[in-house]
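> Chains as they are written, first to last, in numbering that gives the first Met the number 0: chain A, 0 to 334; chain B, 0 to 334; chain C, 0 to 334; chain D, 0 to 334.
Hints were generated in silico from the structure; no laboratory data involved. All figures in this text were calculated on a predicted structure; none of them were measured in a lab. A few of these clues could be false.
The following label-pair restraints were derived from C-beta to C-beta distances [unchecked claim]:
| hint | chain 1 | residue 1 | chain 2 | residue 2 | range |
| --- | --- | --- | --- | --- | --- |
| 1 | D | L183 | B | P24 | 35 to 43 Å |
| 2 | C | Q107 | D | L185 | 27 to 35 Å |
| 3 | A | H285 | C | E78 | 28 to 36 Å |
| 4 | A | S85 | B | A204 | 24 to 32 Å |
| 5 | A | T104 | B | P24 | 54 to 62 Å |
| 6 | A | L159 | D | T112 | 43 to 51 Å |
We put the CB at the ideal spot given by N, CA and C, even for glycine.
Residue strings, one per chain:
Number of protein chains: 4
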Amino acid sequence: MIRAGIYGATGYTGLELVKLLQRHPAAEIAFVTSQSQASKRLSDVFPGAPALPLVVGEDASLDEVDVVFLCLPHAAAAETALVALSAGARVIDLSADFRLRDAATYEQWYAHTHPAPDLLDEAVYGLTEVNRACLPGARLVANPGCYPTSVLLALRPLLLSDIAISGPIIADSASGVSGAGRGLSLTTHFVEVADNYSPYKIGRAHRHLPEMEQAVGWWREAAPAIIFSPHLLPVPRGILSTIYVNLAEEVVEAELRALYTAAYDGEPFVDVLPAGELASLAHVTHTNRCAIALTLTGRTLILTSAIDNLIKGAAGQAVQNMNVMFGHPETLGLL
Amino acid sequence: MIRAGIYGATGYTGLELVKLLQRHPAAEIAFVTSQSQASKRLSDVFPGAPALPLVVGEDASLDEVDVVFLCLPHAAAAETALVALSAGARVIDLSADFRLRDAATYEQWYAHTHPAPDLLDEAVYGLTEVNRACLPGARLVANPGCYPTSVLLALRPLLLSDIAISGPIIADSASGVSGAGRGLSLTTHFVEVADNYSPYKIGRAHRHLPEMEQAVGWWREAAPAIIFSPHLLPVPRGILSTIYVNLAEEVVEAELRALYTAAYDGEPFVDVLPAGELASLAHVTHTNRCAIALTLTGRTLILTSAIDNLIKGAAGQAVQNMNVMFGHPETLGLL
Amino acid sequence: MIRAGIYGATGYTGLELVKLLQRHPAAEIAFVTSQSQASKRLSDVFPGAPALPLVVGEDASLDEVDVVFLCLPHAAAAETALVALSAGARVIDLSADFRLRDAATYEQWYAHTHPAPDLLDEAVYGLTEVNRACLPGARLVANPGCYPTSVLLALRPLLLSDIAISGPIIADSASGVSGAGRGLSLTTHFVEVADNYSPYKIGRAHRHLPEMEQAVGWWREAAPAIIFSPHLLPVPRGILSTIYVNLAEEVVEAELRALYTAAYDGEPFVDVLPAGELASLAHVTHTNRCAIALTLTGRTLILTSAIDNLIKGAAGQAVQNMNVMFGHPETLGLL
Amino acid sequence: MIRAGIYGATGYTGLELVKLLQRHPAAEIAFVTSQSQASKRLSDVFPGAPALPLVVGEDASLDEVDVVFLCLPHAAAAETALVALSAGARVIDLSADFRLRDAATYEQWYAHTHPAPDLLDEAVYGLTEVNRACLPGARLVANPGCYPTSVLLALRPLLLSDIAISGPIIADSASGVSGAGRGLSLTTHFVEVADNYSPYKIGRAHRHLPEMEQAVGWWREAAPAIIFSPHLLPVPRGILSTIYVNLAEEVVEAELRALYTAAYDGEPFVDVLPAGELASLAHVTHTNRCAIALTLTGRTLILTSAIDNLIKGAAGQAVQNMNVMFGHPETLGLL
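Produce the complete structure using the sequences and hints provided.
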């Protein structure tokens, strides 16, 4: 059994992770932490959750665990990673701390000196489908952001091909409210969200933009810029990204489709939808899957890509990474 | 023109009142106050709202106004009422401060010494359909609570009749989230409310209970007790009360229907629905109406009663009261 | 492995059953049927569903199966049950056909001659917690209705006690829209349901009433009548029942609580909530659990009881029954 | 008083029109028609609606009316327009029949021979802010589509400027479900829409595309193509369009902002939002307003534009047009 600790279990991602690990046949939860709600049980914080005792992070016993999941605010995550790694635990970080390989970029976007810049080189970017091979030996995995997961899985086959692209890529994304966290804010008040749909931090203003552009840069030289427009959707969970790419030359749709089918052939969690179908939240909520559809209109390729932000966009992909790190079948506990 | 001031304009009730008064042909808004957001405009606080400047209550000029509406927390409302009345303004209080005629009951339920007990006798309980005759001369009107409005309009014809009732009356009510206010609380977080339905303060625990029982006591000696079970509904606005009354004797439905039809004949804002129809939020949201339906099953009378909590349950009824107080047609600006 | 066939897989209950059986470690799906969508795959009908081929019921091979689940309209279910039983399969019927033991009552409520009255005596009413002992030998199980599951689990410990009750029991229930099925009707149009809350068939008019009263009659002589008021809730899934019982004598809450705790001690899927907590949909959606809370106010006991209508109220309880029928741990595949 | 008839009053647009005309101080409703629900009253069809008698279109008396509103399916609208015009009534058509000036384009997109091609030249495209001057003399007004209203008001100032554009314009739009009408379809089933977000007819496949491109062609030579991606949003009403335009040259945001401020200065129903704000449904639902915001990122201009699809996108703009046609203040009955 993999013994797992969860730091920061009282957010939506932490709760989802608890649920996934509780039904996972090869993992068990050693501890769950909360700074603000310690001494309560998880069931006091979430109706219907398991009655696990919450402890403050400092009281969690790292001796008992093989892996820790960090569902902490940025900076706090990196600090905890340092502690956990030196205690011999492997770390899957669901915060942003190890996603960007460049400390200066991190500090520009997160307005914080990186607490552990020496670990950046070692951290594996945990988009499982992409970096699967690096996971078995990894000590530290940076679980990708939710928006980047939906956008990058959709773009990767195209970017790795030799089809030329012109101009910026536009990623118009819509996310359910759990993506905004459980903290209190007028932004997430039911009356403000229900019956509403609202863009925020559009253009080049959201912190997930540099994460996307970093990966795009890995996959293609002279990488296109991304225009990223997130919107808040009146649903609890799910992300749909509608992505517009101007192709520099005529391409037939069948060629594109073949590219994607080949890229994701055999992938248990990526569904390339048949021609004529478009991705929607209904394809993926409450699953670890990513549904991707291609629509070609003249030279504009429209990709629609859907995930559950809490599962494939966070806790599910973290468990998927854990499975690979520990030599288990990648789908264990996730179907 | 009636010159009106609104204290506490940055809650949902305040905003609704602003909208109603802006389209009212015989009223104009003299000022809107906010303690926390003063110096902003209302449009900074609510997208799409009019750009009225917000001032702190202390800076509002009472000289210019004929009437003030108090959308303030309890106790603060009574204190402001004292100031406004002595400046010569008439007062429509949307808080709970003058709803209960007995200061001791108030203090028991609101855990606060009443700031103006001497005004309690004078205050008119502003359930317009009931106390219409007292409004033209009123200086101070206590606008009813939202739940009591839905329950009391449904019960009154029965209670004023000589049909005997046995046992307690059960009022099972469901309210949209605007009823919980715009303050921040996990209770109103979108993810907690959406896809959920949850009872709270059921039995004899909610502050609207004594308000209901007070009116029931006016209308019938040896008044039945009320069991009141509010629930939070994943909608922005609206209240539906499903009310169960055990009749002590056999009554035919036609007699009950005649009772209600007669009671509300000519009432512009109370709709007694035809046999076979039941009240729902769709009948009333975004209107000042109350829809009431009767269903008789054996000796159990089930009343369903729906209002928009922000309109007939608050701002709309306040304007209805203002219309009567100032000698205008009761429906002015409300259709 | 239990080989299972599903008749009527293209409704919401059928889909839920497919999902549960696909992740069940001891069951496999032999066939899924649909009369209207045969020759399609299930994934053509539901985005993201498994790509199982749909066949018409007549083409399903009963030789290959140990058990069939009937997610069919009433009458069609009983007819299929006859065929399946004679082919040697065990039957779990999710329709109403075998819930009422009395054919005349069935015919009164369902306006249809019962197609298989001779089987009524044999059918086990599959409220698992109640009839667990009868399941291992059962050939035919009548899976309970969704509303009755939520109401009966809440009432049973009280009814089996010697605490006297006076007057009718009132069950005020709210259900998510999946309870209304996937057929097309203005009642389930998004615009009619969203922002709405509406009662329907209240009093003694809903088909689940005789099912509830039948069980109440098993548990108590001179059984109280039930007043049952269902409401349509703007959520996809979940049922909350708020149940009012007038106790004929003074009882202390601790005694009631002890009764319920004892009754459900060790039950994996029934949670008696601690004092001060109330049941809500959030406790149970996407699980096979029933959450029950007790609130005593004077002599009125208010029970709040929540289930997921598609799981504990349908497909989940069916799998729970299957587990017991086939000698597996009751929770297998359901946690 | 303007005497108005409404053809097709039992859809969402028809109902909204009834509500607007009922509170309009200078208009009265002469008749409301329905082919399928004739002999009922409107209140039988919509809970809470006025109890107007529904007649079949053939029985509507055109003698009594000054203007008719056509909320009919395409083709049926044009046929009724012919009848109404020859009876001397003015016509505001809310269908697509007279929006496209070219009969061949109409026939290509609507798969129907145009029933009244001779009227196409005469019809005024009723985007009020644009064609206000043509309305007083108009006999026949083609009320714009909902998506085109949101997109065209946002694009027009830019297109009329001399700022060069490169590549296609991308309009990524999200609409509430009332835009899909009240007809029955799995697409609008509550359970399919709630918690979902789904693109449909994206690229160059939706019938509102030629309407948008026609107007773009009026405003700019060598007009850019439009890529239009509608999405279905789990809300009853509202459209948000997020529009991406690649500018061919560097422009400073202040210049763009000045362009828009000037274009819409004094417009009662178009709000150009201040820098830093983005348009959302909350700005506009239940109003006749269009909120437009500008965000410049490098050479990409992102316009966010929000309307209520039933009001500014349909019934409200129709009344706005009526006001101008009959010489009333444009805002009459619409504030």
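> Now look at each hint and say whether the structure bears it out.
Evaluated hints:
1. D:L183 / B:P24: 35 to 43 Å: 41 Å, holds
2. C:Q107 / D:L185: 27 to 35 Å: 33 Å Cβ-Cβ, so the 27 to 35 Å window holds.
3. A:H285 / C:E78: 28 to 36 Å: 34 Å, holds
4. A:S85 / B:A204: 24 to 32 Å: Given range 24 to 32 Å: violated, Cβ gap about 52 Å.
5. A:T104 / B:P24: 54 to 62 Å: 59 Å, holds
6. A:L159 / D:T112: 43 to 51 Å: Between A:L159 and D:T112, where Cβ atoms are some 49 Å apart, the hint holds.
Consistency with the previously given hints fails for number 4 only.
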